[in-house]
Amino acid sequence: MSSINLPKPEKILIVRTDRIGDVVLSTPVIRNLRENFPKSYIAFMCRPYTKDILIGNPYLDEVIVYDKYGKDKSWLNSIRFSFYLRRKKFDWAIILHPTNRAHLITFFANIPVRVGWDKKLGFLLTERIPHQKDKGEKHELDYNLELLKILGLKIYSREVFIPLCKDSEKWAEDFFKNYNLDTDKDKIVGLGIGASCPSKIWPPSYFAHLARLLREELGVKILVIAEERERNLTEEFKENFKEEFIDLTGKLDLPKIFSLFRRLSLFIGNDSGLIHIGWGLGVGVISIFGRNDAGLSPQRWKPLGSNSYYFHKDLGCNPCLAHNCKKDFLCLKKIYPEEVFSLAKKLIC
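Residue numbers for the sequence shown follow the working numbering, so the first one is -14 and each next one is one higher.
No lab work stands behind these hints: they were computed from the structure.
One thing to keep in mind: the hints can contain errors.
As the list claims (entries may be wrong) - As a list, the in silico BS3-like pairs of lysine-lysine whose alpha-carbon atoms are at most 25 Å apart: (1) K298 with K120; (2) K56 with K36; (3) K298 with K330; (4) K311 with K331; (5) K105 with K134; (6) K172 with K139; (7) K330 with K206; (8) K311 with K298; (9) K172 with K24; (10) K162 with K241; (11) K331 with K312; (12) K134 with K58; (13) K227 with K312.
Unchecked claim - Label-pair distances were calculated between CB atoms; the ranges are: (14) S291 with E154: 20 to 26 Å; (15) E212 with G267: 34 to 40 Å; (16) S142 with E122: 28 to 34 Å; (17) N163 with S291: 41 to 47 Å.
Glycine included, C-beta positions come from ideal geometry on N, C-alpha and C.
Could you build all of it, start to finish, from the sequences and the hints given here?
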(Lines of atoms letter the chains of each structure in order from A and count residues from 1; the text may use other names and numbers.)
(Lines give C-alpha, C1' and ligand atoms only; values in the text may rest on other atoms or scores of the structure.)
Protein backbone atom coordinates (compact mmCIF):
# COMPACT_ATOMS: atom_id res chain seq x y z
CA MET A 1 0.00 0.00 0.00
CA SER A 2 1.44 3.36 -1.02
CA SER A 3 2.05 6.01 1.64
CA ILE A 4 0.53 9.46 1.71
CA ASN A 5 2.30 12.80 2.01
CA LEU A 6 1.03 15.17 4.69
CA PRO A 7 2.31 18.35 6.34
CA LYS A 8 4.47 17.76 9.42
CA PRO A 9 2.25 17.79 12.54
CA GLU A 10 2.91 20.00 15.53
CA LYS A 11 0.46 18.09 17.76
CA ILE A 12 -0.42 14.39 17.47
CA LEU A 13 -3.13 12.44 19.30
CA ILE A 14 -2.94 8.64 19.53
CA VAL A 15 -6.27 7.01 20.38
CA ARG A 16 -6.71 3.58 21.94
CA THR A 17 -9.56 2.98 24.38
CA ASP A 18 -9.66 -0.79 24.79
CA ARG A 19 -7.75 -3.09 27.16
CA ILE A 20 -4.39 -3.43 28.90
CA GLY A 21 -2.63 -5.70 26.41
CA ASP A 22 -3.86 -3.61 23.50
CA VAL A 23 -2.32 -0.47 24.98
CA VAL A 24 0.97 -2.24 25.82
CA LEU A 25 1.18 -3.33 22.18
CA SER A 26 0.54 0.26 21.11
CA THR A 27 3.53 1.76 22.94
CA PRO A 28 5.90 1.25 19.96
CA VAL A 29 3.72 3.72 18.06
CA ILE A 30 4.61 6.41 20.61
CA ARG A 31 8.34 5.88 20.28
CA ASN A 32 8.28 5.74 16.49
CA LEU A 33 6.26 8.94 16.28
CA ARG A 34 8.81 10.61 18.56
CA GLU A 35 11.69 9.39 16.39
CA ASN A 36 9.99 10.77 13.28
CA PHE A 37 8.88 14.03 14.93
CA PRO A 38 11.32 14.91 17.75
CA LYS A 39 9.76 18.33 18.37
CA SER A 40 6.07 17.47 18.00
CA TYR A 41 3.68 17.32 20.96
CA ILE A 42 2.40 13.76 21.35
CA ALA A 43 -0.62 12.79 23.49
CA PHE A 44 -2.34 9.45 24.05
CA MET A 45 -6.08 9.09 24.71
CA CYS A 46 -6.94 6.00 26.77
CA ARG A 47 -9.32 4.62 29.39
CA PRO A 48 -8.73 5.27 33.12
CA TYR A 49 -7.56 1.74 33.91
CA THR A 50 -4.82 1.73 31.24
CA LYS A 51 -3.35 5.16 31.97
CA ASP A 52 -0.56 3.77 34.16
CA ILE A 53 0.87 1.96 31.12
CA LEU A 54 1.46 5.40 29.61
CA ILE A 55 2.28 7.72 32.51
CA GLY A 56 6.06 7.96 32.70
CA ASN A 57 6.63 7.11 29.03
CA PRO A 58 9.57 9.35 28.02
CA TYR A 59 8.35 9.65 24.43
CA LEU A 60 4.95 11.00 25.44
CA ASP A 61 3.95 14.54 26.42
CA GLU A 62 0.44 13.94 27.76
CA VAL A 63 -2.00 11.19 28.74
CA ILE A 64 -5.65 12.11 28.13
CA VAL A 65 -8.17 9.93 29.95
CA TYR A 66 -11.51 9.21 28.29
CA ASP A 67 -13.83 7.44 30.73
CA LYS A 68 -16.15 5.75 28.25
CA TYR A 69 -17.80 3.56 30.90
CA GLY A 70 -17.96 6.32 33.52
CA LYS A 71 -18.40 10.07 33.36
CA ASP A 72 -17.98 10.20 29.56
CA LYS A 73 -20.36 7.31 28.87
CA SER A 74 -23.31 9.29 27.49
CA TRP A 75 -23.17 10.51 23.92
CA LEU A 76 -23.67 14.06 25.17
CA ASN A 77 -20.60 13.85 27.39
CA SER A 78 -18.62 12.24 24.59
CA ILE A 79 -19.43 15.20 22.35
CA ARG A 80 -18.38 17.51 25.19
CA PHE A 81 -15.15 15.56 25.38
CA SER A 82 -14.58 16.12 21.67
CA PHE A 83 -14.88 19.88 22.18
CA TYR A 84 -12.35 19.59 25.00
CA LEU A 85 -9.99 17.97 22.47
CA ARG A 86 -10.83 20.63 19.90
CA ARG A 87 -9.40 23.29 22.20
CA LYS A 88 -6.08 21.41 22.20
CA LYS A 89 -5.80 21.86 18.41
CA PHE A 90 -4.30 18.54 17.39
CA ASP A 91 -3.11 18.24 13.79
CA TRP A 92 -3.24 14.45 13.55
CA ALA A 93 -5.29 11.73 15.24
CA ILE A 94 -4.07 8.15 14.87
CA ILE A 95 -6.87 5.77 15.86
CA LEU A 96 -5.34 2.37 16.55
CA HIS A 97 -8.57 0.54 17.41
CA PRO A 98 -11.69 1.41 15.40
CA THR A 99 -14.73 2.36 17.46
CA ASN A 100 -17.69 4.55 16.65
CA ARG A 101 -16.87 6.82 19.58
CA ALA A 102 -13.22 7.26 18.60
CA HIS A 103 -14.23 8.20 15.06
CA LEU A 104 -16.95 10.59 16.19
CA ILE A 105 -14.90 12.24 18.92
CA THR A 106 -11.93 12.96 16.67
CA PHE A 107 -14.29 14.15 13.92
CA PHE A 108 -16.06 16.62 16.21
CA ALA A 109 -12.69 17.61 17.68
CA ASN A 110 -11.99 19.03 14.23
CA ILE A 111 -8.63 17.27 13.92
CA PRO A 112 -7.60 17.81 10.28
CA VAL A 113 -5.89 14.44 9.71
CA ARG A 114 -7.63 11.37 11.15
CA VAL A 115 -5.96 8.07 10.34
CA GLY A 116 -7.30 4.60 11.11
CA TRP A 117 -8.96 1.40 9.98
CA ASP A 118 -11.96 1.50 7.67
CA LYS A 119 -14.45 -0.08 10.06
CA LYS A 120 -17.41 1.15 12.14
CA LEU A 121 -17.72 4.86 11.28
CA GLY A 122 -14.51 4.72 9.28
CA PHE A 123 -15.94 7.02 6.63
CA LEU A 124 -15.34 9.87 9.11
CA LEU A 125 -11.58 9.34 8.81
CA THR A 126 -9.52 11.33 6.34
CA GLU A 127 -7.04 8.49 5.74
CA ARG A 128 -8.20 4.87 5.91
CA ILE A 129 -6.70 1.40 5.65
CA PRO A 130 -8.98 -1.53 4.75
CA HIS A 131 -9.72 -3.38 7.99
CA GLN A 132 -8.22 -6.87 7.78
CA LYS A 133 -7.28 -7.54 11.38
CA ASP A 134 -9.88 -10.30 11.59
CA LYS A 135 -7.68 -12.32 9.20
CA GLY A 136 -4.94 -12.40 11.84
CA GLU A 137 -2.16 -12.29 9.26
CA LYS A 138 0.05 -10.07 11.42
CA HIS A 139 0.69 -9.45 15.08
CA GLU A 140 -1.36 -6.67 16.67
CA LEU A 141 1.84 -4.73 17.32
CA ASP A 142 2.56 -4.72 13.59
CA TYR A 143 -1.01 -3.76 12.72
CA ASN A 144 -0.49 -0.73 14.95
CA LEU A 145 2.71 0.23 13.15
CA GLU A 146 0.97 -0.22 9.79
CA LEU A 147 -0.87 3.05 10.41
CA LEU A 148 2.47 4.85 10.64
CA LYS A 149 3.71 3.28 7.44
CA ILE A 150 0.68 4.56 5.51
CA LEU A 151 1.73 8.03 6.67
CA GLY A 152 5.14 7.49 5.12
CA LEU A 153 6.90 7.28 8.48
CA LYS A 154 10.00 5.24 9.23
CA ILE A 155 9.79 2.42 11.77
CA TYR A 156 12.76 2.56 14.13
CA SER A 157 11.73 0.08 16.82
CA ARG A 158 9.20 -2.64 17.72
CA GLU A 159 10.02 -2.51 21.44
CA VAL A 160 7.23 -1.94 23.94
CA PHE A 161 7.76 0.38 26.90
CA ILE A 162 6.44 -0.24 30.40
CA PRO A 163 7.20 2.39 33.07
CA LEU A 164 8.45 1.72 36.58
CA CYS A 165 7.90 4.20 39.41
CA LYS A 166 9.69 4.68 42.74
CA ASP A 167 6.61 3.99 44.87
CA SER A 168 5.83 0.64 43.23
CA GLU A 169 9.49 -0.38 43.30
CA LYS A 170 9.60 0.33 47.03
CA TRP A 171 6.37 -1.62 47.48
CA ALA A 172 7.83 -4.61 45.59
CA GLU A 173 11.02 -4.57 47.66
CA ASP A 174 8.98 -4.58 50.88
CA PHE A 175 6.62 -7.25 49.54
CA PHE A 176 9.45 -9.66 48.75
CA LYS A 177 11.04 -9.05 52.16
CA ASN A 178 7.76 -9.60 54.00
CA TYR A 179 7.21 -12.93 52.25
CA ASN A 180 10.87 -13.97 52.55
CA LEU A 181 11.25 -14.17 48.79
CA ASP A 182 14.81 -13.97 47.49
CA THR A 183 15.01 -13.27 43.76
CA ASP A 184 18.60 -14.57 43.67
CA LYS A 185 17.83 -17.92 45.29
CA ASP A 186 14.12 -18.66 44.99
CA LYS A 187 12.21 -19.79 41.93
CA ILE A 188 9.20 -17.46 41.89
CA VAL A 189 6.40 -18.09 39.40
CA GLY A 190 3.36 -15.92 38.84
CA LEU A 191 0.14 -17.51 37.62
CA GLY A 192 -2.36 -15.30 35.79
CA ILE A 193 -5.51 -17.36 36.13
CA GLY A 194 -8.01 -14.80 34.80
CA ALA A 195 -8.86 -13.21 31.47
CA SER A 196 -11.48 -11.00 29.88
CA CYS A 197 -13.81 -13.82 28.78
CA PRO A 198 -14.40 -17.57 29.38
CA SER A 199 -12.98 -18.55 25.98
CA LYS A 200 -9.56 -17.44 27.24
CA ILE A 201 -9.57 -19.11 30.65
CA TRP A 202 -7.61 -22.33 31.24
CA PRO A 203 -9.41 -24.29 33.98
CA PRO A 204 -8.29 -23.22 37.48
CA SER A 205 -7.99 -26.92 38.35
CA TYR A 206 -5.36 -27.21 35.59
CA PHE A 207 -3.48 -24.23 37.04
CA ALA A 208 -3.65 -25.95 40.44
CA HIS A 209 -2.23 -29.19 39.01
CA LEU A 210 0.55 -27.20 37.33
CA ALA A 211 1.28 -25.35 40.58
CA ARG A 212 1.51 -28.64 42.45
CA LEU A 213 4.07 -29.96 39.96
CA LEU A 214 6.09 -26.75 40.17
CA ARG A 215 6.06 -26.81 43.96
CA GLU A 216 6.69 -30.51 44.52
CA GLU A 217 9.35 -31.06 41.86
CA LEU A 218 11.09 -27.67 41.73
CA GLY A 219 10.25 -26.02 45.06
CA VAL A 220 8.72 -23.05 43.28
CA LYS A 221 7.06 -20.23 45.23
CA ILE A 222 3.61 -19.62 43.70
CA LEU A 223 1.94 -16.22 43.31
CA VAL A 224 -1.62 -16.08 41.98
CA ILE A 225 -2.56 -12.86 40.20
CA ALA A 226 -6.18 -12.05 39.36
CA GLU A 227 -8.66 -9.20 39.50
CA GLU A 228 -11.23 -8.95 42.30
CA ARG A 229 -14.00 -9.88 39.85
CA GLU A 230 -12.12 -13.15 39.24
CA ARG A 231 -12.09 -14.25 42.87
CA ASN A 232 -14.23 -17.26 41.99
CA LEU A 233 -11.34 -18.53 39.86
CA THR A 234 -8.93 -18.10 42.76
CA GLU A 235 -11.30 -19.99 45.07
CA GLU A 236 -11.49 -22.86 42.59
CA PHE A 237 -7.69 -22.85 42.32
CA LYS A 238 -7.40 -22.93 46.12
CA GLU A 239 -9.84 -25.83 46.44
CA ASN A 240 -7.78 -27.90 44.01
CA PHE A 241 -4.28 -26.85 45.09
CA LYS A 242 -4.67 -27.23 48.88
CA GLU A 243 -1.13 -25.99 49.49
CA GLU A 244 0.49 -22.71 50.43
CA PHE A 245 0.56 -19.91 47.87
CA ILE A 246 0.52 -16.12 47.85
CA ASP A 247 -2.92 -14.85 46.87
CA LEU A 248 -2.76 -11.44 45.19
CA THR A 249 -6.32 -11.45 43.90
CA GLY A 250 -7.62 -7.89 43.75
CA LYS A 251 -4.56 -6.51 45.56
CA LEU A 252 -2.51 -5.07 42.70
CA ASP A 253 -2.77 -1.95 40.60
CA LEU A 254 -0.79 -1.73 37.37
CA PRO A 255 2.34 -0.03 38.78
CA LYS A 256 2.61 -2.78 41.43
CA ILE A 257 2.13 -5.44 38.76
CA PHE A 258 4.98 -3.92 36.73
CA SER A 259 7.38 -3.92 39.67
CA LEU A 260 6.31 -7.38 40.83
CA PHE A 261 6.56 -8.98 37.39
CA ARG A 262 10.10 -7.87 36.68
CA ARG A 263 11.20 -9.84 39.76
CA LEU A 264 9.54 -13.12 38.71
CA SER A 265 11.42 -16.17 37.48
CA LEU A 266 8.55 -16.94 35.10
CA PHE A 267 4.98 -15.90 34.41
CA ILE A 268 2.38 -18.39 33.17
CA GLY A 269 -1.02 -17.09 32.21
CA ASN A 270 -4.01 -17.00 29.96
CA ASP A 271 -4.28 -14.90 26.82
CA SER A 272 -4.47 -11.53 28.59
CA GLY A 273 -2.75 -8.19 29.04
CA LEU A 274 -0.59 -9.63 31.82
CA ILE A 275 1.24 -11.75 29.26
CA HIS A 276 2.28 -8.67 27.33
CA ILE A 277 3.36 -6.89 30.50
CA GLY A 278 5.51 -9.92 31.31
CA TRP A 279 7.43 -10.19 28.07
CA GLY A 280 7.56 -6.41 27.79
CA LEU A 281 9.56 -6.38 31.03
CA GLY A 282 11.87 -9.13 29.81
CA VAL A 283 10.36 -11.88 31.95
CA GLY A 284 10.04 -15.44 30.68
CA VAL A 285 6.43 -16.06 29.70
CA ILE A 286 4.20 -19.02 28.86
CA SER A 287 0.76 -18.19 27.52
CA ILE A 288 -2.26 -20.47 27.14
CA PHE A 289 -4.40 -19.90 24.04
CA GLY A 290 -7.72 -21.46 23.18
CA ARG A 291 -9.67 -19.92 20.34
CA ASN A 292 -8.99 -20.85 16.72
CA ASP A 293 -10.54 -17.76 15.15
CA ALA A 294 -7.87 -16.09 12.98
CA GLY A 295 -8.41 -12.63 14.45
CA LEU A 296 -8.17 -13.99 18.01
CA SER A 297 -5.32 -16.43 17.42
CA PRO A 298 -1.72 -16.51 18.70
CA GLN A 299 -0.56 -15.28 15.31
CA ARG A 300 -2.05 -11.91 16.26
CA TRP A 301 -1.80 -11.95 20.07
CA LYS A 302 1.13 -14.17 21.12
CA PRO A 303 3.87 -12.89 23.47
CA LEU A 304 6.83 -11.59 21.47
CA GLY A 305 9.73 -11.73 23.92
CA SER A 306 12.86 -13.76 23.22
CA ASN A 307 11.95 -15.97 26.18
CA SER A 308 8.23 -16.22 25.39
CA TYR A 309 6.25 -19.34 24.51
CA TYR A 310 2.63 -20.33 24.09
CA PHE A 311 0.39 -23.40 23.89
CA HIS A 312 -2.47 -23.64 21.42
CA LYS A 313 -4.42 -26.72 20.28
CA ASP A 314 -6.23 -26.55 16.96
CA LEU A 315 -9.17 -28.95 17.18
CA GLY A 316 -10.33 -28.12 13.66
CA CYS A 317 -13.43 -26.19 14.71
CA ASN A 318 -14.48 -24.27 11.60
CA PRO A 319 -15.74 -21.76 12.31
CA CYS A 320 -14.50 -21.28 15.85
CA LEU A 321 -17.44 -19.95 17.87
CA ALA A 322 -15.07 -18.42 20.47
CA HIS A 323 -17.26 -16.93 23.25
CA ASN A 324 -20.23 -19.08 22.12
CA CYS A 325 -18.31 -22.36 22.10
CA LYS A 326 -20.53 -25.47 22.07
CA LYS A 327 -17.73 -27.83 23.15
CA ASP A 328 -17.12 -26.40 26.63
CA PHE A 329 -13.81 -24.86 25.49
CA LEU A 330 -12.28 -28.25 24.77
CA CYS A 331 -9.32 -26.59 23.02
CA LEU A 332 -8.23 -25.21 26.39
CA LYS A 333 -8.83 -28.49 28.22
CA LYS A 334 -6.65 -30.33 25.68
CA ILE A 335 -3.64 -28.34 26.90
CA TYR A 336 -2.49 -30.47 29.82
CA PRO A 337 -0.65 -29.23 32.94
CA GLU A 338 2.12 -31.81 32.45
CA GLU A 339 3.16 -30.36 29.08
CA VAL A 340 3.14 -26.81 30.42
CA PHE A 341 5.22 -27.95 33.39
CA SER A 342 7.72 -29.64 31.08
CA LEU A 343 8.38 -26.35 29.31
CA ALA A 344 8.35 -24.32 32.54
CA LYS A 345 10.98 -26.64 34.03
CA LYS A 346 13.33 -25.94 31.12
CA LEU A 347 12.85 -22.20 31.46
CA ILE A 348 13.49 -21.85 35.19
CA CYS A 349 16.09 -24.56 35.83
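* Any hints this thing doesn't respect? Which numbers, in order? -> Violated hints (numbers, rising): 4, 6, 9, 11, 12, 13, 15, 16, 17; every other hint is consistent with the structure.
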